[in-house]
Every structure is written in structure tokens, then in C-alpha cells.
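Chemist: Here is how the chains run, residue by residue.
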Amino acid sequence: MILMVALSCVTIDFFMLKKKILRKSSKKVPKDTVHLKDKAHINFLTEKIAQSEARFRALTEKSSDAIALVTSKGKVVYASPTTKALMGYTPEELKKLRNPFELAPPDDRKSVTKIFSKLLKEPGSTEHAVYRVLHKNGKHIWIESAMTNLLNDPNVEAVVINYRDISERKLLESQKEDFISIATHELKTPVTSIKGYAQVLQDRFGKEGNTKAVALLAKMNVQITKLTNLIGDLLDVTKVDGGLLQFHKSSFNFDVLVTDIIDEMQMTTTKHQIEKKLAAAQKVTGDRDRVGQVITNLLSNAIRYSPHNKKIIVTTLGNKKDVTLRVQDFGIGIQQEKKDKVFERFFRAGNSEDTFAGLGLGLFISSEIIKRHGGRMWVDSVEGKGSKFYFVIPLTHAS
Amino acid sequence: MLHNKKKVLVADDEPSILEVVTLILEDAGYEVETTVGVDTEKHIRKYRPDLILLDIWMSGMDGRTICKDLKAQKTTMHIPIVMISANKDTEKIAKEAGADDFIAKPFELKHLLSMVKKYTSA
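Going line by line, the protein sequences match chains A and B.
If you count the first sequence from 1, position 123 lands on 123 in our numbering, and the numbers rise without skipping.
If you count the second sequence from 1, position 42 lands on 42 in our numbering, and the numbers rise without skipping.
Check each hint, because a few of them may be wrong.
Calculated cross-link-like contacts (lysine-lysine; reagent style DSSO-like; alpha-carbon spacing at most 27 Å) [claimed, not checked]:
{"id": "1", "chain 1": "B", "residue 1": "92", "chain 2": "A", "residue 2": "283"}
{"id": "2", "chain 1": "A", "residue 1": "371", "chain 2": "B", "residue 2": "92"}
{"id": "3", "chain 1": "A", "residue 1": "249", "chain 2": "B", "residue 2": "71"}
{"id": "4", "chain 1": "B", "residue 1": "5", "chain 2": "A", "residue 2": "249"}
{"id": "5", "chain 1": "B", "residue 1": "117", "chain 2": "A", "residue 2": "249"}
{"id": "6", "chain 1": "A", "residue 1": "239", "chain 2": "B", "residue 2": "92"}
{"id": "7", "chain 1": "B", "residue 1": "71", "chain 2": "B", "residue 2": "5"}
To be clear, the hints were calculated from the coordinates, so they are not data collected in a lab.
Just chain A, same shape as in the assembly:
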């Protein structure tokens, strides 16, 4: 796009200069006797311009990204030759289309047209889009494009679209997602049997009155649950990426859920004492398991990141619109500048040398779950003093 603008600028400069010289010349001498020096100068400039134009044209046309200029109506007025290699259509064939998105399947056409309309409203802005188009050979390819609205730029007067084929990358992404999904399933099968065997043993030892063995097996069970959750996180993160996280709505009592999770988590720690101040007193419509997953994540973080302080306080509040949960710990806390990053994927508190376990996926998945419930998640923290993690979700949320 810059190339096109540069090209136009150079061309315009040249014309203005040529006019100026001719005008200047015509004043002094008749047209047919243009000064030899001027003529040589014009020839020199013409050659320079031709060189410059050839260079910029080569850059535009030989670029592995294709470039097109499109009117506000979506009509293609220019397409670089790379288009043929990309989509199978020549620039001329592309110009005959009503608009370049005609080649996209209906769903993709809808989404990219929406992005294009948004772009038209803001001169100078750039929008990115990823969509499929039908190649001339009948196969769909994935296109990634950057569209810039230069309709108001007198040198361009078009929307400039840079686009490239990302089918290969898309294929790799979907292979990766499939792989993780299969790997997760494969990992869960042996874990299910191990958990089952441990529970059978626990049950049988219980009946025999062997409390020592029962206690050990209970601990084993807790560890297996941790492993299960880690495997679950791996699967969830691929689902978040693919937009495939599914929710099963039901109506549940928020405080009861929080109590259940606290009781469960209290069993995993002998050191920490989880205090509860529950006053939400509301029923929430949402995915009980997923919201529970978020609370579990916040509590296990509070335990993990407060190795030297045993108190954790869970507070809930509610009104007619929403419920709020707060998990407060008195642990290592988070540095001020890292506070916004905690909800990003792969974030882990502390330095990399520190030995805090975890994949760095929990809060990323949690915040996604809360977002999808129409709520939000945030944190207050003082390094060395502890953290307060909050989320608020509406009692009901359409979608």
C-alpha cells in the first residue's frame, strides 16, 4: 500500500515538474525551440521516473502478498498479478466481480463484509480479516487480509487490500487442535482407571478398617484430581482458541456452589484455612461446572501463591442484577506492572527461577469463562502482601 502511494507521489511530482519546465520554457521561447538543456533535463527526469516506477511496480507486482485497490462499492479497480497465483483468477477476472468477497462462502462473506463496512466508516483506518475464498480450482483457501481505507487520500482514492494465502498455517493450527484434543482424551483414559482402582482400594480398606491405607489413598485421589484438571486445562485452552468452549446452562445457588468448592479445596490442603463470608444469596443461571472451575482455579492459586500464610478469605456479595466473588490471600502478591498480564495465557506469578507449579493457563481460561457469562474478572494486589481476585457475573445472561 505504501508502495502504491509512493508510486503515485513520484508520478505526480514528475508531471508537475514537467508542466512547470514546459511553462517556463514556453514563456521565453517558442514551443518548437525548447532549450536543449531543459530537454536533456526532461529526458533525464523521465528516465529516472521510469526507473523509479519500474522499481515500485516490481515491488508491488512481485511481492508474495497480493494487493488490490477497491472502491467504496467494493469494485476492484486494481489487483496485482500475484492474485493469479493466490486465487487462480487474473486481475482482469477479479475486476469483473461485483466485489472481491463474492468468492467467499456465505458465512465468511458475511463476516468480512461487516469488517469492510466498518472500515468504510473510518477513513485512514486499517482492519484485519481472515476468511476463506473459493480458488478457481474449486478448492477453498484461507486468506488473511489487511484492509486500509485510503478513499480520502487523493493519491489513492481506494481501499487498499493486502492479502495472502494462509491455508498452510490454518491446516497446521487445526492439526494442532486435533492433536491436543486426541492427546487429552488418551491421557484421560488411564487417569480414569487409576482413579477407579484407587477408589476401589480406598473403599475396600475402609471396610476392613485400615484407616492408614484409606488416608494414603485419599491423598492419591487428590493428586489424580490435580492431574485431571491439568489435562482439562490443555483441552480447554485449545477450545478457547477455536471458539469451541461449550456451556450447559442451569440455575444454581451461587453460595452453595462456593461452599461445595471450598469444602473440596479444603481437603487438598492441611496448611491453609479457607474462611468464608458468603452473602450473595442469589440464584445464577449459567454453567455450574464451569463457574465452579473458575472458583477452584482462584482457590488453588491462592493456596499455591501463599506458601507462608495460611489464611484465605472467600467473600460473596449479591444484588438483583449480579453476584460478586472475592478470593483474598496473604501471599507473594503480584508486581504492579504485571497485574494486567495475569489473565494472559502462559502467565505465571513469580520469576521463572521460582518453583511455582502450573501451566499458566488457569486464569486465562477462567477469565474467558467469566467473559462468556457476561461478567468480568480483575485483581487487586500488593507485592509481598497478597492478592484479591474478583469476578462478577450477572444472574442471567443471554447467549
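Given the coordinates of chain A, assemble chain B onto it according to the supplied hints.
Modeler: For chain B alone, kept in the frame of chain A given last:
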């Protein structure tokens, strides 16, 4: 009392899961028959279980197809089916296939037993 034992058929392609579920259910006083999935429907006609625990993802057979077929036939449609899978979307898949309920892997012993009790005590 022996003849009063409720019969549960467990279909899964993973032998260790079959063993674990059998141990749990037999300890709790159920009669258990297992199948690795391929001949599930033949098994059901012969064995006439009170409940079927059906894995969704079995090599060679799709639990969903088995479930739909069983729920479509007069002789088997009355048998409750609980689908089991490591897939997080087990609930949705189970509903679509017409199953009565679902259990996600890995399951808690208590949860499995209460589910089996619920569908065999009717």
C-alpha cells in the same frame, strides 16, 4: 437374593476401564457384563441388562450410533442408557443421542454408584 441382582452392561474399548467399573459395581452388589463395543447390540439382546453404561468414543463403533439404534427399537428402547466419555461435551452428545444421562471421565466412585442406583431402582 442372588436372582434380584440388577444387571449392568458396560461397553468400553478400554479393558482397564471395564475392570475398574466391574470392581466398583460388583463391590456394590450389581451383576456386571462387559463388552468392548463391537458386538454391543447382540450382547444387549442376549443379556437383557437393567442399565447400559456406554462409552461414546470406542474404536470400531460410535457410542452415539449404538445409543440411537437402541432407543429406536421397541425391544430395547426401555433400557436406560448412561453415556460415559472423557469428552467435556459428554452432556451435549448424550442428549443428542437420546441417552438418559451421562458421566464424564474420570468419574468419582460415589457419582458412578448414585447414577447406577438411580436408573436401576425404578
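Chemist: Among the hints numbered above, which are violated by the structure, and what are their numbers in rising order?
Modeler: 4
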